[in-house]
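Student: Numbered continuously in the UniProt record's numbering, the sequence shown closes out at residue 236.
It should be emphasised that the hints constitute simulated quantities derived from the structure, not laboratory data.
No experiment lies behind these values; they were computed from the predicted model shown.
Watch out, some of these pointers could steer you wrong.
Label-pair distances were calculated between CB atoms; the ranges are [to be verified]:
1) L60 - D203: 32 to 40 Å
2) P150 - S216: 44 to 52 Å
3) L38 - S134: 19 to 27 Å
4) L210 - R140: 47 to 55 Å
No residue lacks a Cβ here, since even glycine has one placed at the ideal position from N, Cα and C.
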Amino acid sequence: METLAAGLGVEPEDLVAIRLSLLVASVATLASLPFAVLVALALARGKFWGKTLLDGLVHLPLVMPPVVTGYLLLIGFGRRGPIGQALEACCGLVFSFRWTGAALAAAVMGFPLMVRAIRLSLEAVDRRLEDAASTLGAGRLGVFFAVTLPLAVPGLLAGIVLAFAKALGEFGATITFVSNIPGETRTLPAAIYTLTQTPGGDDAALRLVLVSIALSLAALIASEILARRLAGRIDG
1 METLAAGLGV EPEDLVAIRL SLLVASVATL ASLPFAVLVA LALARGKFWG
51 KTLLDGLVHL PLVMPPVVTG YLLLIGFGRR GPIGQALEAC CGLVFSFRWT
101 GAALAAAVMG FPLMVRAIRL SLEAVDRRLE DAASTLGAGR LGVFFAVTLP
151 LAVPGLLAGI VLAFAKALGE FGATITFVSN IPGETRTLPA AIYTLTQTPG
201 GDDAALRLVL VSIALSLAAL IASEILARRL AGRIDG
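Could you put together the complete structure from these sequences and hints?
Tutor: Okay, structure coming up:
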């Protein structure tokens, strides 16, 4: 990453923003993955009252203005919010005006994309293969981990990449929840926005835009290659 940034003439303070964005996007994606799998499984296979409501709540961040999502996070997970106070008291975990809050905002915004991709992949799994595994004595967890999850891996990877890309580009909810603090919450989009508001900062902003495009494209290409290899192993 340092070589890429140096080749594009990115300043050291902007390199900090790039590293922070990668950290925030990685933590947001990995932390939300188990919850996304559970929710996607419930929506794909579950039959319960309120399923439509759950589906709507999951996808709500996609249709609400990001500023609204950030404000809800602020009043819920801020230092004066009920959840934020409880987490700080029991675990010492603080979200407001910290990089952890940026990761939380990115996770919330990318969560619907991850859930949808995983859900579609789970729905495409042939139930007859699962039934065959059950008749051979495998339990429900065994069937899920040995049959369902491997077959859903391409959708899982697609969801991970979509959530990661969304986290890299998240701006509205993040800046509302944790502000734009250099070295702490100033991610790549916030750094680009700051440079566009700075006289003479257009060239530096363009360089960061190119870095952002390169990172997103690299993630997509890596995901496509990995998905093809995994699909080939499954077919084999």
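Student: The structure should be examined with respect to each hint, and the outcome stated for every one.
Tutor: Structure-based check of all given hints:
For the pair L60 and D203, the beta carbons lie near 38 Å from each other, so the given range of 32 to 40 Å is met. Between P150 and S216 the beta carbon distance is about 27 Å. The supplied range of 44 to 52 Å is therefore violated. Take L38 and S134: their Cβ atoms lie about 21 Å apart, and the range 19 to 27 Å holds. Range check, L210 to R140: about 48 Å between beta-carbon atoms, so the 47 to 55 Å window is met.
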